[in-house]
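*Asks:* Chain residues, written in single-letter form:
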Amino acid sequence: MTTSKGPLMTAAANPQTPDTGKRLELYRLMQACRVMEQRAYDLFMQNLIKGTSHLALGQEAVAAGFGAAMREDDYTFCTYRGHNHTLVRGVSMTGILGELMGRECGLLSGKGGSMHLMDVEKGAMGSYAIIGAHMPIAAGAAWSAQYRKSGQVSVCFFGDGTTNIGAFHEALNFAAIWDLPVVFVCENNLYMEYTPIGDVTAVKNPAADRAPAYGLEPVVIDGNDADVVYAVAQAALEKARDGKGPSLIEVQTYRHGGHSRADPGKYRPDEEVAAWKERDPITTYRARLLADGVDEAAIVAVEEEQAARVDKAEETARNSGPPPLEIADTDVWADGSSRWRN
Amino acid sequence: MTTSKGPLMTAAANPQTPDTGKRLELYRLMQACRVMEQRAYDLFMQNLIKGTSHLALGQEAVAAGFGAAMREDDYTFCTYRGHNHTLVRGVSMTGILGELMGRECGLLSGKGGSMHLMDVEKGAMGSYAIIGAHMPIAAGAAWSAQYRKSGQVSVCFFGDGTTNIGAFHEALNFAAIWDLPVVFVCENNLYMEYTPIGDVTAVKNPAADRAPAYGLEPVVIDGNDADVVYAVAQAALEKARDGKGPSLIEVQTYRHGGHSRADPGKYRPDEEVAAWKERDPITTYRARLLADGVDEAAIVAVEEEQAARVDKAEETARNSGPPPLEIADTDVWADGSSRWRN
Amino acid sequence: MEKLSYREAVSAAIAQEMRRDDSVVFLGEDIAAAGGVFKTTEGLLDEFGPLRVRDTPISEQAILGAAAGAAMTGLRPIAEIMFSDFFAVCWDIVVNQIAKTRFMSDGQCSFPLVIRSANGGGARFGAQHSQSVENWAMAVPGLKVVAPSNAADVKGLLAASIRDPDPVLFFEQKSMYGLKSDVPEGEHVVPLGQAAVAREGSDVTIVALAAMVPRALKAAETLQNEHNISAEVIDVRSLVPLDTTTIFASVTKTGRLVTVEENPRLCGWGAEVSSLVAEELFWDLDSPIVRVTTPHIPLPSADTLEDAVMPSPARIIENVLQMAD
Amino acid sequence: MEKLSYREAVSAAIAQEMRRDDSVVFLGEDIAAAGGVFKTTEGLLDEFGPLRVRDTPISEQAILGAAAGAAMTGLRPIAEIMFSDFFAVCWDIVVNQIAKTRFMSDGQCSFPLVIRSANGGGARFGAQHSQSVENWAMAVPGLKVVAPSNAADVKGLLAASIRDPDPVLFFEQKSMYGLKSDVPEGEHVVPLGQAAVAREGSDVTIVALAAMVPRALKAAETLQNEHNISAEVIDVRSLVPLDTTTIFASVTKTGRLVTVEENPRLCGWGAEVSSLVAEELFWDLDSPIVRVTTPHIPLPSADTLEDAVMPSPARIIENVLQMAD
Ligand SMILES: Cc1ncc(C[n+]2csc(CCOP(=O)(O)OP(=O)(O)O)c2C)c(N)n1
Ligand SMILES: Cc1ncc(C[n+]2csc(CCOP(=O)(O)OP(=O)(O)O)c2C)c(N)n1
Ligand SMILES: [Mg+2]
Ligand SMILES: [Mg+2]
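Residue numbers (this note's numbering), protein chains in the order written: chain A, 26 to 367; chain B, 26 to 367; chain C, 7 to 331; chain D, 7 to 331.
Bear in mind the hints are in silico, worked out from the structure with no lab data behind them.
Certain hints may be false.
[To be verified] Derived SDA-like pairs: lysine to any residue, alpha-carbon spacing no greater than 25 Å straight-line:
id : chain 1 : residue 1 : chain 2 : residue 2
1  : B       : K147      : D       : P171
2  : B       : K291      : C       : E48
3  : D       : K45       : A       : Q71
These figures come from a predicted structure and were not determined experimentally.
Pulled out of the complex, with its shape left as it was, chain A reads as follows (with noise of 0.2 Å):
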């Protein structure tokens, strides 16, 4: 790991304990991640959803330390394995797994697709499914609550394969010379996909090792651990709001699944995704917060209630039935509409 001394590194070497309270919305959070993807994982297999599905489940603490951690006017900006991040934010769960089952009472009325999450009201600003393609248009909305004053900052979610993409470099600089506040979080789960992602990058921490080519801190951090997570998401939101500029934050974590609904995950050597599932970030924090005298009946609290939260959430997607067709064609344009001619 990089041995940086710069603020963010700081706080992930001594993360602060946060309050009892604010430890159970992470593992609040986990838990709501961890119980929809896993009844996603489920629909599909019952192919209630169709077409495809990335699945964050394994990387829940970094979607989890950011949401406790961001204000509820920030920007989130995530990809098509982005559920996590998009729900953390307090939008519906039935929203999400009837967007997943393209169902009326889905987040977008199933226009979107399991891929494009998006609720603007909630600061979840879009699930972005060409690779790179957002790191930008987070930086986009970062000048806009830079020139309106507003201290709001945009948060930026992608992967390590990502990191090879031209979009990256173009948005990193952008937001360095700019002074944006922005924070780019790379969730290094070590695949692009397939392939390994040492196989196809040039340097050891795909983001991290290039962050000095915009002039920011090398920040390596381990991303199972919720509270280093949201220790380190803290500082960079704090800078940020100060005008101090982006951040650039290679987190290490894991899926424990496949990369999407077609594959299951075989190119993994078997110990390493043994030595991963050890680390899992929720078992290895409920532990940590009984170690630490937090009550079981608390945890087991939430657990319960994320439980029937997901019971609820699914039921409801099932018992919606299919969108309108008429919304098919609608809202190209602002006025509602996809009249192209007069």
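The hints should help you fit chains B, C and D with the ligands onto chain A, whose structure is shown.
*Replies:* Just chains B, C and D with the ligands now, kept in the frame of chain A:
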């Protein structure tokens, strides 16, 4: 300047003095570039060159240093500011001036223009006018050489402003991971068109400070010293030919004129222009040759030869007619036609 | 009325809109301190300052990404892509992000932004700086596409584009930057989606865009004077929304249609207009529909070659005469 | 004959060509070790080794730039762009570099390369992974554009594309990957630029491409059985070169033309074919030319919505019947 200890910086710090024959060749190449581009400027003023043109007056040592070091079958990829890089590969001066003038004798019969000079037989693989685009293409030619085990090296020239576009990033990473025999040469002339490069770049040395992002040695050299450029070019070419992969070399230089035909270059402080003109690569090299005991007659002979050459080239081009109109729609396809239907 | 060049009308429109709306911001390469490589944006930095008029690096994806993100969050950005050929390096942001996100989000967000760009041939810049690419944009759902043929329309249509709640690609034909014409003084806004009848006529309808409009008008004049053919010339002005009402009314009257476009041959807006008429006004047609285009080739650089391939008044006349045979 | 899926025909063609020509190399994301995300390239790494079959980073500009540079210098690269939507991130290399450089260089260099890509809708992938973008390519001079409708054509046309001295964009319709059909065993090459008469008929010509061909055939069957209308179905196969001979022969015979395309409405190949016919076969037409397309919208994700907007046999039938009225 970066003070790395790698082979390229070593070559830059202690350039071996080439023999007099080679030094006169370097001088001859620089003279050829200078007189050709000065003539191009005059031809503009007479409106015999239409459209636009981007001169590299003041940057000749870069083209010359590489031109003198490259093997006959190596590949050059350059930009709209590529008259010199093309010329030094042994390309016809008449062909170049003729192309700028849109004449039948032009290198491309008037179909390419000043921004697209190309002479495949000489290894001048094209001048590209979209910023950054030729960088992955140069990598591709290097890949081909590697696959064919031909020992050829691809040399790719571009400007400081080009380091901020996505293709730069993709090409560098790609070349690095495949150990491609390609030398990327960033001619840092301090300006991206009319904008000082520092205003739009997150690091001080736009290329060298990014080299580590691709696992490469940071290299900054004096691009107005033909001996230094030649030595570093040799080292980089050798490294590439030995299978040791790509290099990224930042060459500090300056264009005496504006960005293009339309630009008087007024955004630059007078003292800056004056200081760089003091460091003219040609007059300084001439003085050095004399100081090192090279016979002035030999130097003058080179000058007279090139003066005569450009006169002859201009005359031939002036006497050449416009290209036959029939060629306007040929050579879209390999069969020579532009037929898109049967 | 004041006489403005096509170029001056650009900055006039931007200034007009920046004065009335603080949320209008402007970014691009060399647009601020240098006033634009085509000198279309001179004076804007001085009047509106460096927070609203910003020079960028050569990072077209970042430029348009920034515009997109800003538009989603309350601003009305104007972005310049210096030459329209460069849309190719940032096409994803245009077609996959800006054009689609409102639809995908079920209408949750808007992209009130304008991307201006210098388009088209005639400047002897060679194949990578001369394309007419308004067709690329027309083919993509979610983009409005505007291309003015004179200074008054530059001012009025650009103002309307900036006010429009949807993303507009605004193509300035670079060969026309120097042309001066009358422009209404004071606030001037021309609604999008209304073609102009540039010349009335009764025998044949010539539909043209941008730099092809003056050529069509020239052809129409010769057709009248030398061949006694009365050509109606329609300036399309905006490809999306497309004013089929005006075009159809003319074709219904004349029974004959010629489209004149600078684009290469295949899949241009001319094909779209032609096929619309072939579907909806078939029974009104008195003769085949003719498209005049540049051949399906990249543009050559030499002046003589470039002039030979772009549609000329002579080529338009020739086609109309053949049709009348 | 052997039964191959559309998917298997891809690797069959690549293997066939790699065996006969050492200069054929193949690169793309996850195409080697993983055998492709659509499993179209399984076995190639094993047979041809890691020097000829190479996995790349997510760097589409580098992938196509590498292919371009390699093609200029003696190789015959095949590059995969995983989804055709991603052409937008590397469009410059395609349209400004690969398509133009032969012309600009006065014929000095060739680009014998193939870019394969999974194209089109029907997989419920949403708007950024479902577009049909063959039109984007057709509009650009210098690109050949191929889109097969069955496994035999995948093998034969892909082989021909690899042998072709010009750049070919090869669109594989992802909704068809699983479909099996008869494919000639042994060497199989289908020349580019020849449309296929997929079904003979005399009353109306239906011109279709790729996944629309089976839909057109289905419609033709119903038209025959239920309405006694004899429809001829033409599978265009390659948009550039375009086989106007076969299309025109059919329209001359039937006097009626319907084009069926998956693309959004504007400026598609259907408009091109329609306007060609409206210009050159006007007097042979017995009724307006009709284009059936997806509406001018991004594709929605939900299965019900996606099915509703893409051209269906029912929609084709309806259009033909209206025409016959
Ligand atoms: C421009 C582009 N190229 C390729 C893809 C296909 N693709 C989708 S996800 C993916 C891998 C991304 O890896 P990474 O950035 O590490 O993110 P992760 O999936 O691991 O979260 C690829 C190649 C794409 N969506 N966009
Ligand atoms: C993609 C793209 N964006 C913008 C331009 C316009 N443009 C041409 S040259 C240039 C400046 C390039 O600066 P630099 O890389 O430093 O090279 P120099 O001209 O100084 O040699 C720009 C912005 C272009 N040709 N291509
Ligand atoms: Mg990853
Ligand atoms: Mg420069």
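*Asks:* Next, verify each hint and record whether it holds.
*Replies:* Results for each hint:
no. : hint              : result
1   : B:K147 <-> D:P171 : holds, 22 Å
2   : B:K291 <-> C:E48  : holds, 15 Å
3   : D:K45 <-> A:Q71   : holds, 23 Å
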